[in-house]
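Participant: Protein chains in written order, with the numbering used here: chain D, 2 to 106; chain E, 2 to 106.
It is possible that some hints are incorrect.
Treat identical chains as interchangeable: a pair holds within one or across any two.
Unchecked claim - Below, a list of computed lysine to aspartate or glutamate pairs in the EDC-like style, where the Cα atoms sit at most 20 angstroms apart:
1. Lys30 / Asp6
2. Lys37 / Glu61
3. Lys37 / Glu67
4. Lys75 / Glu63
5. Lys3 / Glu50
6. Lys4 / Glu59
7. Lys30 / Asp69
8. Lys3 / Glu86
9. Lys30 / Glu67
Think of the hints as simulated: they come from the structure by calculation, not from any bench. The structure displayed is predicted, hence computed values, not measured ones.
Number of protein chains: 2
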Amino acid sequence: MKKTDLIAENGFSEGGLSRLLVHDSPYFKILNFNFKAGQELPVHSHDIEGQLSMTVLEGEGEFLGEGDVAIPAKAGDVLISDIAEPHGLRAHSDLRLLVTIAPPI
Amino acid sequence: MKKTDLIAENGFSEGGLSRLLVHDSPYFKILNFNFKAGQELPVHSHDIEGQLSMTVLEGEGEFLGEGDVAIPAKAGDVLISDIAEPHGLRAHSDLRLLVTIAPPI
């Protein structure tokens, strides 16, 4: 068993997303991204099998998709996307995001 | 893309854990368990390959392991465990937990 305290171990940066690799195994990869208000994980995709979840732990923003898709995102929201489907996130407030990718990229 | 609003879609129950299946696919299974203070997910394990993550979204408690293992758990904490390793959780306050299992059981 391995515990990670995301609040203690990852902060925020004016220079861009603050990224923490929480876990990487043959089963899944888990990443924590912290956004200052206004920062964005640009819409992207990878042409491979698998899915990811994006869980908002704190803050508000929008999940982004193909074209102009923007889905309101707040603490307690979970988005599921194929890895091959365009996805991203824009933060309206300081925001903590947990991303789980299976199988790991 | 599919969004689940855990706050709106799952509440708390005096009768026991309140369980919401968030997602189930060939890649991972995602479950949300809400605990009233004092409720517990008893220590258990399954003798199969794979790992799980337990993310505390709100509240405080303890991650439980084999024997007397009890690791403090609070919002923003992520625990990784093999599925075959004994794991559980005890809530000290009302607590929202997100569990991701890969590959899905």
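Participant: Would you pick out the hints that fail for this structure and give their numbers low to high?
Facilitator: 3, 7, 9
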